[in-house]
Amino acid sequence: MASDSIVNWSLLALSAPGWGGVLLQGFVNSIQIAIGGFALGLTLGVGGAFGKLYGGPILRDLLECYTTVVRAVPELVLILLLYYAGTDLLNQLLALFSIGPVDISGLMAGIFVIGVVQGAYSTEVLRGAIKAVPAGQIEAARAYGMSPLKVLRRITLPAMLPYAIPGLSNLWLIATKDTALLAVVGFSELTLVTRQAAGTTKAYLLFFLAAGALYLALTLVSNIFIGMLERHARRGFAEQR
Amino acid sequence: MTDQTTHAVAFTPEDLPTARSFFQPHRIVMMLVFAAFVVCVAVFMRWDWLPRYLPRLGWGILVSLVMLFSTAILGFLLAVPIGLAQVTGPWFFKLPAKVFCTVIRGTPLLLQLWLLYYGLGSLFPQFPAIRQSFLWPYLREAWPYGVAALTISFAAYEGEVMRGAFAGVPAGELEAAKAYGMSRWTMFRRIWLPRAIHRALPTLNGETVLQLKSTPLVATITVVDVYAVISKVRQETFLTYEPLLLLALIYMCLTGILVVAFRTFENRIPTRGA
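Here the protein sequences line up with chains C and R, keeping their order.
If you use the UniProt record's numbering, the first sequence closes out at 241, no skipped numbers anywhere.
If you use the UniProt record's numbering, the second sequence closes out at 274, no skipped numbers anywhere.
Note that these hints are calculated values from the structure, not bench results.
Predicted model, so just to flag it, every value in this text is computed and none were measured.
Heads up, a few of these hints could be off.
If the Cβ cut is set under 7 Å, some of the chain C residues that face chain R in the computed set are [what the hints assert, rightly or not]:
1. Phe50
2. Leu80
3. Tyr204
4. Leu205
5. Glu230
Within a straight-line C-alpha distance of at most 20 Å, the following computed EDC-like cross-link-like pairs (lysine to aspartate or glutamate) qualify [said to hold, decoys possible]:
6. C/Lys131 to C/Glu230
7. C/Lys131 to R/Glu14
8. R/Lys232 to R/Glu242
9. C/Lys131 to C/Asp61
10. R/Lys232 to R/Asp48
11. C/Lys131 to R/Asp15
Ideal Cβ positions, reconstructed from N, Cα and C, are used throughout, including at glycine.
One chain only, chain R, in its complex shape (with noise of 0.2 Å):
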């Protein structure tokens, strides 16, 4: 996917509006209304189940967070060997790499989930050898096997984005490096990868919104997120759009949270000019 792409699927900091803007009247008469959309939704709807919930759905949203953190970081040490292998590697180790990409990009995630939760799942019981494995209580439950899935799906669209910025660092700063002496290690290790991820960076906030926007699939493999608290929710007490307009909005703060978050990362890189 294009940085294009990104932006226009993902909301990045680029959209964050700045403090002075709100004051327009216009604006502030929106707000205005808006609010009182608010307070109608407040004491017209059924709110009196929150309570009950609250600490399930403080549980859900770590579990969703710790998802999101840990696939995210995963995949990207996945990504990098990915792109690298992608602008230099030879024939045998390309080729696989640009197979895997175009593989788990071309499908849709959910469709992955369930054939590693409900394929994979139902192939391991069959060979002893995995059951009498120390990995077998792990195998037994189903988060693994959603981390594997987001980790994958985050590791082919991150690594197709590395590919690009590998591909993208000027030849005169390697260059520059060879000359200075720096073993094909180090220079890699001081030059190519932070060049490239700084170039990577604003796709790289991009998908992970992303990520966070495609950690809701897991409560269809009856993992415990925010979003499965919320169906049994509906479930248990038949509302249906109070806990769904509550879960909009608590994905909507995780993103802004983590797109600032993102932002005041970003401007702590120092860069030329600006």
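Bound-form chain C, shown alone (with noise of 0.2 Å):
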């Protein structure tokens, strides 16, 4: 192995013999799950905030119960629990309008896994930042006689994003993170084919400290465009601190 030197890089070569393109190519598979988790997420968040601000009593109890779970029950255990039950659901539904099993691909799976716990926590993001726009501002709207769909559009999604955006950027984080717990249920993404490579090469220190600086570089873009996103949102508002 590295007898000569003490680190091997001819291990991250990009092409065959080396771990390089592997690497990035689960990084993009995580990324790409991370996107898509975050946007369902967002969505159901919406969807989520919505309700148990302006739902019934059934509804909002309902949604309680979702985003109580979630938050109470390990991301791991959720992921299996969502990843077999899931398929299985999915698989039975086709079965029941007489179509095949379908194989459900690694990527669908774990975009719909990271989106529905994802989901549960940008409710209450969601939540808390529409909780923080002055009800003035939405009964103004609604005195102007805009429809519930206008008042969201126009007035209660641009007003809260500024209270939303510090807490929506951590979970965005929160889901770049999770996507390695995918490994546990063998989806190829970043965290898992490190492991592969290491086990395969045996420079396990390597690879994973390689994997962290992928991670890790990730993170350090994200804030950047965070930080500007948060400027351009918090325009017109006080200086703070």
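Hey, can you piece these two chains together into the complex? The hints should help.
And the structure:
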């Protein structure tokens, strides 16, 4: 192995004998799942937050159950449950319409699983953000005769954004890190690929540190964009601190 | 992570239902439906494996709890200097603390765990000095790596929280302490630390629940916690849902107990007003 030098950098080469290309492919998979899961979670979160704030008592309680369960049970357990239950349910549904079982792609399953978990988190973040919007603004919009959807699009969503962005950006970072848990169900994202590469070449430290650098780079780059977004959303606010 | 996010990600005392709110008509109907669901699950699913595994499950829960409390306490002890260094330290303390927090918070815990277990674990045997030291019997086990990874992670997240808490203690209180002639250490011990902990308490609760949610990861490095026991059950009985549902229920109960304990603790601290 690495006899001539301490670190055998050629293991990270992009082409076949090196594992760099495989690692990058895993990284791309991770980012895809994180983006998909975050987007699905955001959609669920907007619905969930409005349901919790303006829904009827039954809807509100059901949403409360959803967020409570997701926030009280480890992501790893939820991912296993949703992974098996989700694919099972889909196949049973398809069997009901007499369509044969389909092989659900790992990517779709991963996005679904991360999305459902993120949905509960963003429900809570968005609910807090919507509650921070001064009630008078929403009442004024209603008094102008705007329909609920128009109030949502023109007033509530833009006005809550500055309050929601810190929470949502944290959720994005959590989503990128939660993709690593999919390694446990055997989806070839960055962490699992790293472990395979490390196990094959026995260069454990090198590969795990390389993967750590990739994750860290993703976080740092995200932070730059989050900072820009936050400044944009907070323009017109009095400077705090 | 901010207060708000911790609340969104972890179940916290504010979410506990009040006793009175249970007896609204629609809730009674919903609880009946849920009870029917539970009965269906109990009757139509297979639970005959449960008595056989009960002792092992109990042991697994104990391991999970020991993991949680040992790493939370150790992590908190590390978090106080990390937070303090970022608030008052000179740059050669401030910078490493900042880098530590950023790096640990920027990478997945699973990766850190595997880095320690597989990476360091494969490195240690190459050094005869380590193999002959008194630590070697422990370093051959899996749990020290689990404890180390969880402690480091908790210290990083909590260090960031403590930084905010230390910075948020009103300057007037510290000046008052100084005016009373307290030495720096007395001031820290009597005013700064207790006030910071008090400020950080709600977030600390959330972080501890998050830590509980992270403990099953140690099962991936062969520590036999409750998650590992359930995985074993799944392998041996070929059941998919029953063990996982039980596992989810166990974690919900643990979270619930933890949160109730926190609320009791928090209510015992006297605050102005309220």
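Hint check:
no. : hint                 : in the structure
1   : Phe50                : 16 Å, violated
2   : Leu80                : 6 Å, holds
3   : Tyr204               : 4 Å, holds
4   : Leu205               : 4 Å, holds
5   : Glu230               : 12 Å, violated
6   : C/Lys131 to C/Glu230 : 19 Å, holds
7   : C/Lys131 to R/Glu14  : 16 Å, holds
8   : R/Lys232 to R/Glu242 : 13 Å, holds
9   : C/Lys131 to C/Asp61  : 18 Å, holds
10  : R/Lys232 to R/Asp48  : 15 Å, holds
11  : C/Lys131 to R/Asp15  : 16 Å, holds
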